[in-house]
Amino acid sequence: MPDSAGSSQLPARVAAQSKDRSREPPALCASGLVVEVEGQRLLDRVDLTLRSGATTIIMGPNGAGKSLLLRVLHGLIQPTAGTVHWRTAGDGRPQRQAMVFQKPVLLRRSVAANIDFVLGLHGNRNRARRQVLLQTVGLADRAQQPARLLSGGEQQRLALARALAMEPSVLFLDEPTASLDPASVLWIEDIVRSTRGRGTTMLFVTHDVGQARRLGDEVVFLHRGQVCEQTPSADFFAAPTSSEARRFLAGLIVL
Numbered sequence: 156m157p158d159s160a161g162s163s164q165l166p167a168r169v170a171a172q173s174k175d176r177s178r179e180p181p182a183l184c185a186s187g188l189v190v191e192v193e194g195q196r197l198l199d200r201v202d203l204t205l206r207s208g209a210t211t212i213i214m215g216p217n218g219a220g221k222s223l224l225l226r227v228l229h230g231l232i233q234p235t236a237g238t239v240h241w242r243t244a245g246d247g248r249p250q251r252q253a254m255v256f257q258k259p260v261l262l263r264r265s266v267a268a269n270i271d272f273v274l275g276l277h278g279n280r281n282r283a284r285r286q287v288l289l290q291t292v293g294l295a296d297r298a299q300q301p302a303r304l305l306s307g308g309e310q311q312r313l314a315l316a317r318a319l320a321m322e323p324s325v326l327f328l329d330e331p332t333a334s335l336d337p338a339s340v341l342w343i344e345d346i347v348r349s350t351r352g353r354g355t356t357m358l359f360v361t362h363d364v365g366q367a368r369r370l371g372d373e374v375v376f377l378h379r380g381q382v383c384e385q386t387p388s389a390d391f392f393a394a395p396t397s398s399e400a401r402r403f404l405a406g407l408i409v410l
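Sequential numbering of the sequence shown, starting at 156, is according to our numbering.
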């Protein structure tokens, strides 16, 4: 298990890198996003600008549109209206993206073969790389075990390792620690911190206020498909500007 001592504070070198990245062009500009299904508006004129290399926490009550927004930004769902523009990589190609879902989707193969499949898609069959990824998520000793026989927490850690095998510039995480055991939550949070330190832009959906405090650079709070506020994390938890967010943080029901 990773050592979480001091993990709430970034090393000075990583903090300096983060400050440098804050001067970069935005990773994402989304404008006027609307999703309508059978006459019901699920996302309502969402505008977002996301900073490169930051971890953006997406919060809100059930049914607010959090997971739907992630899927639209990732290109899995086409919006009814509006645009999504991701900054291109240095070579002009789209930034490589990966997503980890709340319920892991694994191949009916061994743990190692799940990683090898993703590496092979990108022309990389380096077993050393596979071993590093499995060690990163604490599954090196499970390499030859069928992936479907892993515990729920171990399956989610494998799903995260597969996402990282793509070396994404943008990583989407849709409540990846929901209902997991504490050890797996700790693994995933530490991996998120180290991934952020390498400059990966991350969008992380969570209901866990403590987790959002620990991991987020900024918070986007959704309610009824609209962005109520987008605020630096420290400011959001100290003094949210919207009444909906204040009620949410107070543990009250937000209708």
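What the hints contain is simulated information worked out from the structure, not anything from laboratory work.
Be careful, since some hints might not be right.
Stated by the list, open to error - Distance windows between CB atoms, simulated: (1) ASP296 / GLY194: 25 to 35 Å; (2) ASN281 / VAL189: 35 to 45 Å; (3) ARG226 / ARG368: 44 to 54 Å; (4) ARG401 / ASP296: 31 to 41 Å; (5) THR204 / ALA295: 16 to 26 Å; (6) ASP296 / ASN217: 29 to 39 Å; (7) SER397 / GLN299: 45 to 55 Å; (8) LEU261 / GLY237: 28 to 38 Å; (9) VAL192 / THR238: 13 to 23 Å; (10) THR204 / ARG264: 37 to 47 Å; (11) GLU191 / GLN290: 17 to 27 Å; (12) GLY218 / ARG303: 23 to 33 Å; (13) ARG402 / ARG303: 37 to 47 Å.
Given the structure is predicted, the values throughout are model-derived calculations rather than measurements.
Positions of the beta carbon are idealized from the N, C-alpha and C atoms, including for glycine.
These are the hints, each one checked on the structure:
1. Between ASP296 and GLY194 the beta carbon distance is about 52 Å. The supplied range of 25 to 35 Å is therefore violated.
2. Distance hint for ASN281 and VAL189: a CB-CB separation of about 43 Å, consistent with the stated range 35 to 45 Å.
3. About 25 Å separates the C-beta atoms of ARG226 and ARG368, a value inconsistent with the hinted range of 44 to 54 Å.
4. Checking the proposed 31 to 41 Å range against ARG401 and ASP296 shows it is violated: the Cβ atoms sit about 46 Å from each other.
5. As the Cβ distance of THR204 to ALA295 is approximately 39 Å, the hint placing it in 16 to 26 Å is violated.
6. Separation of ASP296 from ASN217 is about 37 Å and conforms to the stated range, judged on CB atoms against 29 to 39 Å.
7. Against the hinted window of 45 to 55 Å, the Cβ-Cβ separation of SER397 and GLN299 comes to about 50 Å, which satisfies the hint.
8. For the pair LEU261 and GLY237, the beta carbons lie near 33 Å from each other, so the given range of 28 to 38 Å is met.
9. With their beta carbons about 19 Å apart, VAL192 and THR238 fall inside the hinted range of 13 to 23 Å.
10. Between THR204 and ARG264 the beta carbon distance is about 40 Å. The supplied range of 37 to 47 Å therefore holds.
11. For GLU191 and GLN290, the hinted distance range of 17 to 27 Å is not satisfied, since their beta carbons lie about 45 Å from each other.
12. At roughly 31 Å, the beta-carbon separation of GLY218 and ARG303 lies within the given 23 to 33 Å, and the hint holds.
13. The hinted range of 37 to 47 Å is satisfied by ARG402 and ARG303, whose Cβ atoms lie roughly 41 Å apart.
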